[in-house]
Every structure is written in structure tokens, then in C-alpha cells.
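Please put together the full structure from these sequences, using the hints given.
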Amino acid sequence: MTHVPTAAPFDPATATIAVVTYNRSGLLTRLLTSIVAMDPKPGHVVVIDNASTDDTADVVESFRDGLGDTELIYRRMETNTGGSGGFSEGMRVAYDLGSQWIWLMDDDVEVLPDGLARMGKWAPRFKSIQGRRYDYDGSEFYWQYRVAEPLAIPIPFAPAAFDESGFKPMNSGCFEGMFIHRDIVRQIGLPDPRFFIYWDDQTYGWLASRKTPSVIVDEFVLRRTREIKQWDMGIRHMNASSNAYRYYIMRNRAHIKQYYRALHVYNPILFGLGTTLTFGKELIRLVFVERTVRGTSNLFRGLRDGRKIAKDASWRPMPPLEAATTQG
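Note that the sequence shown covers residues 1 to 328 in full-length UniProt numbering.
Derived from the structure by calculation, the hints contain no laboratory data.
Quick caveat, the model's predicted, so the values are computed rather than measured.
Honestly, I wouldn't trust all of these hints.
List time: in silico DSS-like cross-link candidates among lysine-lysine, alpha-carbon distance up to 27 angstroms [stated by the list, open to error]:
id : residue 1 : residue 2
1  : Lys281    : Lys308
2  : Lys121    : Lys41
3  : Lys168    : Lys211
4  : Lys308    : Lys168
5  : Lys211    : Lys281
6  : Lys281    : Lys311
7  : Lys121    : Lys211
Quick list of the computed label-pair ranges, beta carbon to beta carbon [said to hold, decoys possible]:
id : residue 1 : residue 2 : range
8  : Arg125    : Gly272    : 30 to 40 angstroms
9  : Phe162    : Thr212    : 36 to 46 angstroms
10 : Pro319    : Gly98     : 29 to 39 angstroms
11 : Thr212    : Asp96     : 34 to 44 angstroms
12 : Asn267    : Ser62     : 43 to 53 angstroms
13 : Thr53     : Pro124    : 39 to 49 angstroms
14 : Asn80     : Ser297    : 19 to 29 angstroms
A virtual CB, placed ideally from N, CA and C, is assigned to each residue, including glycine.
Written out as C-alpha cells, the structure reads:
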């Protein structure tokens with residue numbers, strides 16, 4: 001039997017939770033309250049505020065004394081950089097702190113008290129890990145952890161059940177709970193802020209899976225705290241969206257295309273099929289979840305602006321941090 005070497009035991013103090021928030025101080029309060037109750041706690045909590053206009057800064061400050069030995073770092077962006085820009089900055093701050101592990105999350109989740117211990121259990125074996133989440137109503141939230149690489153779209157019916165190993169290989173990522181080691185961040189660089197929203201975490205997780213075995217583990221570590229309108233499809237749900245999401249989901253296909261070209265995995269026919277399927281899925285979402293056909297113009301506008309990105313000869317992937325350090 002082949003012996004698989006493992007890393008040193010996980011030290012919670014080497015982990016940083018990086019949170020991105022925007023004008024949702026009520027939800028942020030619930031998340032920070034859950035972090036206070038964690039055992040163990042991380043070494044740092046980084047809150048990236050995407051230029052909120054509510055009382056977010058005051059809320060963050062009110063938790064500073066309650067975190068014990070955990071250092072709380074607050075960064076307010078000058079403008080709203082979207083989830084992509086926020087997570088890129090959160091990752092940068094955490095990396096610069098020397099964090100060995102970076103745990104990314106939105107402001108609309110709570111951490112379960114033993115969440116970090118559960119993730120840390122897998123840290124000696126893997127360097128790109130996704131835990132499981134409970135949905136708003138307490139049900140098990142299903143996340144599409146596999147990507148059909150040639151199409152660059154999630155596989156909607158990848159098996160949900162786990163075997164005795166307790167993990168499943170993944171080639172995607174979700175910033176609502178991504179747990180990633182600094183070695184992988186160093187190699188693939190920071191999340192790409194050019195996405196603004198949508199496809200950024202899938203792409204980042206895909207990039208990570210090209211460098212290290214990436215897994216989703218059978219550990220419930222987060223609970224979603226925001227109710228989202230859904231269409232119940234039986235074994236799966238389809239969430240409501242917004243005009244902004246409709247625009248970026250189509251526009252950002254061009255950024256994925258550029259990454260595929262740079263990494264020599266781009267097949268124009270299959271990638272185009274993936275874009276067509278994405279467009280069709282968004283039409284279905286409009287009709288069956290939101291009960292309207294208004295909003296289709298945002299899909300076409302996203303495709304139009306994406307063509308400009310796809311033709312940009314100066315486009316480059318996010319640089320590895322090791323290269324940036326060498327150049328600096």
C-alpha cells in the first residue's frame with residue numbers, strides 16, 4: 001500500500017478568514033457574531049468593505065474586543081469593486097499577513113462553531129478545500145463542484161453523495177467558503193478583479209485544481225443566512241438573479257475564454273456551446289424563477305461587451321505572486 005505523505009498538523013492561528021461585505025451590516029453582524037463563538041478561532045479576520053454607505057464600519061469596530069487573540073483588520077475600498085475585487089483584496093491582505101490558510105466567505109453566511117476545526121482536519125492532506133453549507137432553511141445546500149472544462153460550465157447533476165473517503169475531487173471553487181493554502185495562491189495569483197461578479201470563483205477554483213488536488217469534503221461548516229427566491233426542481237433548486245448578474249454572467253465568458261486561450265485549453269466550438277447553454281439557462285431562470293422575460297437585454301449587452309474583451313490583445317492572466325515578488 002502506497003504511503004501518502006501528509007503535512008504538519010493544522011494550526012488555527014495560521015488561518016485568516018477574509019470576508020467581503022457591501023451595505024449588509026445586519027448580515028455582517030450575524031457572521032461576526034458566529035466568528036466570536038468559534039472554537040478554535042483563526043489568527044486573523046479581514047473584512048473588506050466595498051464602499052458601503054451604511055453603518056458597516058461601526059459594526060466591525062464593535063466586534064474588535066470580542067475576538068480575543070484574533071486580530072481584526074478592516075479595509076474600506078474607495079469604490080465598489082464587486083465581489084471579485086473584494087476577494088482579490090481580501091486574499092492580498094491575508095497573504096501579506098503571512099497566513100498559511102485563507103478562508104473566503106461572503107457576508108451572508110454564519111460559521112458553525114467547529115467549522116475551522118473541521119476544515120483544518122483536511123489541511124494536512126489537501127491545499128484547496130471546499131466545505132459544505134446548510135441553506136437558509138436548514139436543508140443541505142447543493143453546490144455544483146464539477147466543471148465541464150471544454151464548455152466552462154458547471155455540471156448540474158454531479159453526484160451529491162459522499163463515499164467513505166469523506167471527500168470528492170472538484171475542479172471548481174466558490175468564494176462562499178473556499179479554504180486555500182498560500183502555496184496555491186502564490187502560484188496562481190490573486191482572484192481576478194476584472195470579473196466584478198460571477199464566474200470569478202469558478203475560474204479561480206479551476207486554476208487551483210490545475211496545481212493541486214482540489215476537493216469538497218463532507219463537513220458542514222457554514223450556514224447561509226439570506227433567503228433567496230428559488231425554483232424547486234425536485235433534487236435541485238434554481239435561484240433568482242438580477243440584471244447585473246445577467247450582464248456579467250455573459251460578459252465574463254470572455255474573461256474565461258482569455259484564460260483558456262492563455263492555458264491552451266480553448267476549443268471554440270465546445271466553449272461556444274457552453275456560452276449558448278449559459279444563455280439558455282438564464283432565459284429559463286427569467287421565465288420560471290422570476291416569472292418575466294424582461295432582462296434579456298442585459299444578456300445581449302453582456303455578450304456585446306464580452307466581444308471587446310475577447311479581442312483585447314493586451315489581456316493577460318493574473319500573475320503568480322512569486323513572479324510579482326521576483327520582479328519587485
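If you check each hint against the structure, which ones fail?
Failing hints, ascending: 4, 5, 9, 10, 11.
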